[in-house]
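Student: Letter by letter, the chains look like this.
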Amino acid sequence: MTVGLEHYLIVSVMLFCLGLLGVIIRRNLIVMYMGLELMLNAANLALVSFSHFRDNLDGQVMVFFIITVAAAEVAVGLALIVALYRKRQTNDVTDLTSMKL
Amino acid sequence: MSKEQIIRFLPTAVLLLPLISAVLILLFTKRYRQLSAGLSTGAVAIGLGISIFLFATQGVEKTEAGSDPKFTWLSIGLVENDSPLPTAVGQESFAIDIQTLNDPMSRLMLLIVTFIGTLVHVFSLVYMRKDIGFSRYFGALSFFVFSMLGIVLSSNLIMMFIFWELVGISSYLLISHWFDKPAAADAGKKAFITNRIGDVGFLLGILLVWQQAYTVNIASITGQVSTLAGLLIFCGAVGKSAQFPLHVWLPDAMEGPTPVSALIHAATMVAAGVYMLCRVMVLFTPDALLIIAWIGAITALLAALMAIQQNDIKRILAYSTLSQLGYMVMAVGCGGTEAAMFHLTTHAAFKALLFLGAGAVIYACHHEQDIWNMGGLRHKLSKTSITFIIGALALAGFPLLSGFFSKDAILMQAHLNQKPLFFIGVAVAGLTAFYMMRCVLVAFFGKARTDQAKEAHEVPGEMLLPLIILALFSVFLGAPQIGLAGYLGFEEDKASHHAALIWGTIAASVGMIGGYMVYRNADTDPLPAKLGVLSRWMRDRFYFDELYALLNHWTQETLSYASNWFDRWIIAGLGVKGTSGAIDVTGCLVRLFQSGNLQTYALLTVIGLLSILAWILF
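Protein chains in written order, with our numbering: chain A, 5 to 105; chain B, 1360 to 1977.
For the record, the hints were derived by calculation from the structure and aren't laboratory data. Treat each hint with caution, since some may be false.
On the chain A side, residues computed to face chain B include the following (Cβ under 10 angstroms) [unchecked claim]:
#, residue
1, Ile14
2, Val15
3, Ile28
4, Val97
5, Thr98
6, Thr101
7, Ser102
Computed from a predicted structure; not experimentally measured. For every residue, glycine included, the Cβ atom is placed at its ideal position computed from N, Cα and C.
Given the sequences, and given the hints that come with them, work out the whole structure.
Tutor: The structure is reproduced here in structure tokens:
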């Protein structure tokens, strides 16, 4: 059996769904954050596989950008979480409902 | 400017002077009583001078149409020659001009209005001397004269309607002059609203005339329009000239100051309706004329009957005015505009005299208006009573006084065209003589019945002067030698003239003798005992006011209840509260989604995204 594009894509979708579930279900902000990263990486995987199978480097270039942006996002996001924790002494999202009017 | 142009401009000057005076008084001189009165009196007196000049120099000659100064107020259709706009069939353009009309009829009317106006101003100088609203009174008086002159000089129906409404509002101001007295305030409102009912008809009539004759210019209306249009135009006259069934406002309007009654309710405003009818005479069909004549006759008869059992001296005169206006309208209905204008002129003189005389009596008796509280005034107020009696005789149609000739003309007109109306007219002549005899005998003869009457003393000269002038006119105005009838183009028919002469004289004599017999030495009114129910009906004005109140109760209050229900439940309930309620409920529902929980939002975002995906893909 040769490993084709669809296999990569299936793995990518599974990773994406795991990440999404993590974001939606888990209460811990750090874990939700990991879910987000997982979703980004699922997209990266899909882009890389498309790039490989279509002999087009555009997808890989895109992935570089995504990795860069993700790194920046992690820096900002983790800083926010730390700041939030300092202020509220919690990182459980069920306690953070101040967006409600 | 040449001499010609100046003369053409004169009617406009007469029209504008009172307006200028009214504006000056209301804006600047309200605090200076004498100055205000002087301005107002001066404006109308100059107007009188100009009117006499116009009347004397131009006589019956007609200026060519369209030569008088004008400005175009409104133009519809072809505005310029090179920009044709779509217009109605048979009509290229339409313009409403504000233009004065200078013909024999308007010159005569101009003279009447400014003449009576001047005398009333002079009379008011004394009568209103102690009034707190002295300046306001003269301002309103000037404004009224302006509006009335506007009607007289109108060259088209739209312009006439504008001034028609101005007369309505200024008469409201004058009737409610003593606005802190509820009766006066109500009377003003009543006059205004009753007039408004007629005016709606008038406006509709003007629109119909415009539709059917393609013009509202009085000079260019040459043919008949439909009966409906004619009757709607007549509606305006029914309101202003207080004809049945809109006659109810005139007696109540007696709440105004007495000089106002003399000006508005004898000589000018109520004459406007008759004048207007005479102006647009050509557009009435025979059917419309028949109805007009009968309305006039009914008014004349009913009002004369009501006058018999009134006790307030001003109300007697008010009903008598109604009755005489009915006479004039009847004359118009019988095709006799000349007779109507003739009677209008003489009536203006003797009725203004009677009203001013009544004013003098009221002034002398310290605001006592009930004739049964007077009596014996002949000795105390000898000059006033002589003038009053002359006026009463003229009104009653005493031979060779002015009223005799004009009444004769109307009766002749009725005899020529409508025999039944002729006999109603004769009956009214008899009744008129009767109630005037009653009024004079009770108020001026016999012995004084109250202290007020005993202590009455002659009024000052400024008040007497207008009375004496008017008395002279009341005596001589109708005489053939004066030539008023000839000026109006009145033509006599031998047979009808004789019938009118004989029957009219008989009726007047019977009325006067009857009145003398009944009221010779009466201390109380003997009629209620003799006539019973009929007398009560006369005294209570045939219950027209009550009938209207009842009608109001049924129609207006039902309507207002329905409107209230509609407003409360449909507009406020369904419309306003319904809308706000729907938004409220939606808001409550939507609020449930806004939990503030980050993960709920994420889930909803995903669901939304998935549904969009599904919608795109499948």
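Student: Against each hint, give a clear statement of whether it holds in the structure.
Tutor: Evaluation of the provided hints:
A hinted interface residue such as A/Ile14 counts as satisfied when its beta carbon comes closer than 10 angstroms to some beta carbon of chain B; here the least separation is about 18 angstroms, so the hint is violated. For the restraint placing A/Val15 at the interface with chain B, the shortest Cβ-Cβ distance is roughly 20 angstroms, beyond the 10 angstroms limit, so the hint is violated. Interface hint at A/Ile28: satisfied, since its Cβ lies 5 angstroms from the closest Cβ of chain B, which is below the 10 angstroms cut-off. Taking 10 angstroms as the C-beta cut-off, the interface hint given for A/Val97 holds, the closest approach to chain B being about 5 angstroms.
A distance limit of 10 angstroms between C-beta atoms decides the matter here; for A/Thr98 the minimum to chain B is near 7 angstroms, and the interface restraint holds. Given hint, A/Thr101 at the interface with chain B, holds; its Cβ is 3 angstroms from that chain's nearest Cβ, closer than 10 angstroms. For A/Ser102, the suggested interface contact is upheld, since its CB lies about 7 angstroms from the closest CB of chain B, less than 10 angstroms.
Of the numbered hints listed earlier, those contradicted by the structure are 1 and 2.
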